[in-house]
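Take a look at the letters that make up each chain.
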Amino acid sequence: SQQGEEDPQALSIQEGENATMNCSYKTSINNLQWYRQNSGRGLVHLILIRSNEREKHSGRLRVTLDTSKKSSSLLITASRAADTASYFCATVWGSNYQLIWGAGTKLIIKP
Amino acid sequence: DAGVIQSPRHEVTEMGQEVTLRCKPISGHDYLFWYRQTMMRGLELLIYFNNNVPIDDSGMPEDRFSAKMPNASFSTLKIQPSEPRDSAVYFCAIAYPRDTQYFGPGTRLTVL
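For the record, the sequence lines run as chains A and B.
Per this note's numbering, numbering of the first sequence is gapless, rising by one per residue and ending at 98.
Per this note's numbering, numbering of the second sequence is gapless, rising by one per residue and ending at 124.
Since the hints were made in silico from the structure, they are not lab data.
C-beta: ideal position from N, C-alpha, C; glycine also.
Heads up, a few of these hints could be off.
[To be verified] Distance ranges between label pairs, derived from CB positions: (1) B:Ser70 - A:Ser55: 46 to 52 Å; (2) B:Val65 - A:Arg37: 42 to 48 Å; (3) A:Arg37 - B:Thr88: 44 to 50 Å; (4) A:Thr14 - B:Val24: 37 to 43 Å.
[Claimed, not checked] Taking beta-carbon pairs under 10 Å as the criterion, some of the chain B residues facing chain A (in silico): (5) Phe86; (6) Ala105; (7) Phe115; (8) Gly118.
[Said to hold, decoys possible] Over the 10 Å line for every Cβ pair with chain A, so calculated as not near, a few chain B residues: (9) Val16; (10) Pro73; (11) Asn83; (12) Ala84; (13) Pro96; (14) Ala100.
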C-alpha cells in the first residue's frame, strides 16, 4: 500500500549540518505528513502540510510541498545526534482516513 | 507513545501457536489502526476501525489473522496459527484529531 517514496534511502551527515529528505507520491492528496521513528519505537508525528500550503515550519523543521510535481521535502536544520532516526512521509487523500506510507529515509547524525 | 499502550512488548512463540496482541488507546479517538512493520515490506496497514467498527481489513494477510475492538479502549489482533513469516513489529495507532496518527510502542513478535 506504499504510495510514497523517500529519497535518499539513507543519509549520514555531521552534527550541525542540515539534512534534507525528499518524498514523492502518486495520487492527489488532502495533506502530507512526516513522521519520525527512533530505533525500536513507534512512529511520532512531526508535521502536517495541507495540499493548499507550500511551506510550513516547526522549530528546526521546514517542510515544502509541490503538488504539481507530487513531491515534498523535509529539511532539518542544525542537526543533532538525537535526530538520528528513520523519517517517513505519509499522505491522505479523499475521504479515506488511511495514511499511505513511504519506505522511509534512515538518517544518521555523526557526532 | 503515551496515548497508546500495547502488550506484550515482546513475544516469542513457536510455529502453530496462537498469538494475541493487545492495544489500549486513550479515550476520545475516532479511529484505530493495526500495522505490521518488517524490513522487507516496510509499514503495512492490516486493518482499521472507526468507532469500534472494522472499516477496511483488506490488509489482513489471510484468515489466520483476526482483529476485534469490543469497546473504545481495547482492541486485539490475533494470529492463529502463527507462522515464522508473521515475525514482525506490530503497531497499534489511533487518529485524533483527524488524519494525524499516534502510535503505540509496538509488539515485537518472533515466531520460531
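Right, here's what the structure says about each hint:
A hinted range of 46 to 52 Å is violated for the C-beta pair Ser70 of chain B and Ser55 of chain A, which are about 31 Å apart. At roughly 28 Å, the beta carbons of Val65 of chain B and Arg37 of chain A sit outside the given window of 42 to 48 Å. A hinted range of 44 to 50 Å is violated for the C-beta pair Arg37 of chain A and Thr88 of chain B, which are about 34 Å apart. With their beta carbons about 39 Å apart, Thr14 of chain A and Val24 of chain B fall inside the hinted range of 37 to 43 Å.
Hint status for Phe86 of chain B: violated, given a least beta-carbon distance of 18 Å to chain A, over 10 Å. Hint status for Ala105 of chain B relative to chain A: holds, with the closest Cβ pair at about 8 Å, below 10 Å. Evaluation of the Phe115 of chain B hint against chain A yields a held restraint, the C-beta minimum of about 3 Å falling below 10 Å. Because the smallest distance between the Cβ of Gly118 of chain B and any Cβ of chain A comes to about 5 Å, under 10 Å, the interface hint for this residue holds.
Residue-level check failed: Val16 of chain B sits 8 Å from the nearest beta carbon of chain A, not beyond 10 Å. The claim that Pro73 of chain B is not at the interface with chain A holds, since no C-beta of that chain comes within 10 Å of its own (minimum 13 Å). Every C-beta of chain A lies more than 10 Å from that of Asn83 of chain B, the closest at about 20 Å, which supports listing it as non-interface. Interface exclusion of Ala84 of chain B from chain A stands, the closest Cβ pair being 16 Å apart, more than 10 Å.
Every C-beta of chain A lies more than 10 Å from that of Pro96 of chain B, the closest at about 21 Å, which supports listing it as non-interface. Against the 10 Å criterion, Ala100 of chain B stays outside the reach of chain A, whose nearest CB is about 13 Å from its own CB.
Figure legend: structure checked against the earlier numbered hints; hints not met, in rising order: 1, 2, 3, 5 and 9.
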